[in-house]
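J.: As you go down the protein sequences, you meet chains A and B in turn. Residue numbers for the first sequence, in my numbering: 3 to 168. Residue numbers for the second sequence, in my numbering: 5 to 425.
Among the clues, some could well be false.
[What the hints assert, rightly or not] Covered, in the sense of this in silico footprint (three residues per stretch, anywhere, with C-beta under 8 Å from a C-beta of chain B), are these stretches of chain A:
hint, stretch
1, 51-65
2, 68-74
3, 109-118
In case anyone wonders, no lab produced these hints; they're calculated from the structure. No residue lacks a Cβ here, since even glycine has one placed at the ideal position from N, Cα and C.
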Amino acid sequence: MKLLEGRAWVFGDDVNTDVMAPGLWFKSPMAEMARHCMEAVDPAFAAGVRPGDIVVAGRNFGVGSAREQAALALAHLGVAAVLAVSFGRIFYRNALNFGLPALVFPASSSVTAGDLLRVDPVAGRIENTRSGNLHVVNGIPSHLMAMVEAGGLMPWLKRRLGKESV
Amino acid sequence: MPWTLAEKILARAAGQARVTPGEIVTCRVDLALLLDSGGPRRIWPRLRELGVGVWDPDRVVLCSDHFTPAVDAESAAILKITREFASEFGIRRFFDMRGIGHVLLAEEGLLEPGMFAVGGDSHSSMGGAFGCFMAGFGAIEMTGVVATGEIWIQVPDTVRVNWSGRFGRGVVAKDIVLFLCRELGMENSGRVLEYGGDTVRHMSIWERMVLTNMAAELGAETGIVAADEVTLDALRAAGRQPAPDALDWRSDDDAACAAVHEFTATDLLPQVAAPHSPANSGPVGAVGDVPVDQAYLGACVGAKLSDLRMAAEVLKDRKVARGTRLLVAPASTRAMTEAAADGTLATLTAAGAYLLPTGCGACAALGAGVLGEDEVCISSTNRNFRGRMGANSAQVYLASPYTVAASAVAGRIADPREFLR
Chain A
3 MKLLEGRAWV FGDDVNTDVM APGLWFKSPM AEMARHCMEA VDPAFAAGVR
53 PGDIVVAGRN FGVGSAREQA ALALAHLGVA AVLAVSFGRI FYRNALNFGL
103 PALVFPASSS VTAGDLLRVD PVAGRIENTR SGNLHVVNGI PSHLMAMVEA
153 GGLMPWLKRR LGKESV
Chain B
5 MPWTLAEKIL ARAAGQARVT PGEIVTCRVD LALLLDSGGP RRIWPRLREL
55 GVGVWDPDRV VLCSDHFTPA VDAESAAILK ITREFASEFG IRRFFDMRGI
105 GHVLLAEEGL LEPGMFAVGG DSHSSMGGAF GCFMAGFGAI EMTGVVATGE
155 IWIQVPDTVR VNWSGRFGRG VVAKDIVLFL CRELGMENSG RVLEYGGDTV
205 RHMSIWERMV LTNMAAELGA ETGIVAADEV TLDALRAAGR QPAPDALDWR
255 SDDDAACAAV HEFTATDLLP QVAAPHSPAN SGPVGAVGDV PVDQAYLGAC
305 VGAKLSDLRM AAEVLKDRKV ARGTRLLVAP ASTRAMTEAA ADGTLATLTA
355 AGAYLLPTGC GACAALGAGV LGEDEVCISS TNRNFRGRMG ANSAQVYLAS
405 PYTVAASAVA GRIADPREFL R
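Pulled out of the complex, with its shape left as it was, chain A reads as follows:
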């Protein structure tokens, strides 16, 4: 998995999945729903985020619903990784299943919006090029590495089911 480099978007604690994928836009195509991603907590996010940017958040990021559109909306907007003090359990699984790296980052409050971060999701290295801080955190869990390296659950299932049927 390649190294990631992007600008940080900083959020607080308990950002929930309703905020990432609002119910009012649930039936809409992803392109439209994604325009409302995070609207309730940061109206500038969806329009301002650029491919490769990195979301940095506090505790319990993605608490709430099982809606996979929460992780998909971030991926659709080009978010390359999510770093948070802790994650809601279904959001965490969804993100990795879509190949969106989600790393537990206890020092997320040391990051300021707009900082340029370099992230190695496999090794768990997070470098803040503004402050010069280098953080070593747990990388993607070993039992999920093959799945994430394959690009997510779908490519991994394809490989697995393909093998079995041969």
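Chain A is fixed; fit chain B onto it per the hints.
T.: Okay, now just chain B, sitting in the frame of chain A:
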């Protein structure tokens, strides 16, 4: 060595003699609940891409509840795909516009102690009230389940949450769980909450389902209540003969737990969670004077027959306040039928309640009853996140059906004890 109920179920599902907390296991799924929202419309294209069908149609339960009834071309298309999926893969247990999936599992007797079940919705934890391990997952992961019949689980720590003593008047399971959202916080990942104690033992299965439903808000892997005679009676009432070993599915008394919490129900007051978090809860008297635009009785957690009856107890011979609207979306057609038969519905509508279709509805801003800018709602649902029920500026307070009904009568958030004899 003694071990917990959750560990016993996961070991059985993983085909292992033993599991320990923290261990990653691959479990065979006994039952998978798919809903219209994250079900066929998201899963079917992926199955096509994988070139596979449903691993075992008899282990799949499919319910249309989030987008029922269709209100536009998009929701009609979602419901149509759901019907076509049931027909294409021969899913016999397909419930189309019959109610909310989590409640239907109970009404139809589809869960039993010791089962390992998964659902494509966070409130799938509700099934744990039957002494099974049932947890929620995203549609991407449910795709994997439907294709292979398997899913990985990190064996959670068991946290025991024991309640003792009798409730005071107007206090119910919803008050317990709103209290717990504050007391235990919403960050309990890696834990299964096993509810016990004499307060829980005296609860109906429907009230136990409130506790396990909101294990989702507590952020737990899931919630669970060991089976007892109440569970077995509920199964029999639903037409299912319990397995001979049903009551063996329980934690050993001396099993190691990550924590044991002991609470007393006797002095618990009716709780209200203020915007915008279920953890923002406290006694109803502490919220101050809050005029209410809408009172909402709805959702899996808050519009079962038992919930409608609580509301009727308050609303009997009373009227909803002028300037406040009370919307009622029963959780299932069976709940609606039984509420009609026993007079509950007539009590609600005579008080001025406005009856809505069965389904998830306004709880997640998907159906009728959505809130406008700055509107205030008191709701028997389970989430009050910003924008959850409509406009981002709307203010949602969570409470029990008793408190929602009392607030509808008062026109402002009210203590239900003043309305109950």
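J.: Please flag the earlier hints that this structure goes against, numbers listed from lowest up.
T.: Checked against the structure, the only hint that fails is number 3, while the rest are satisfied.
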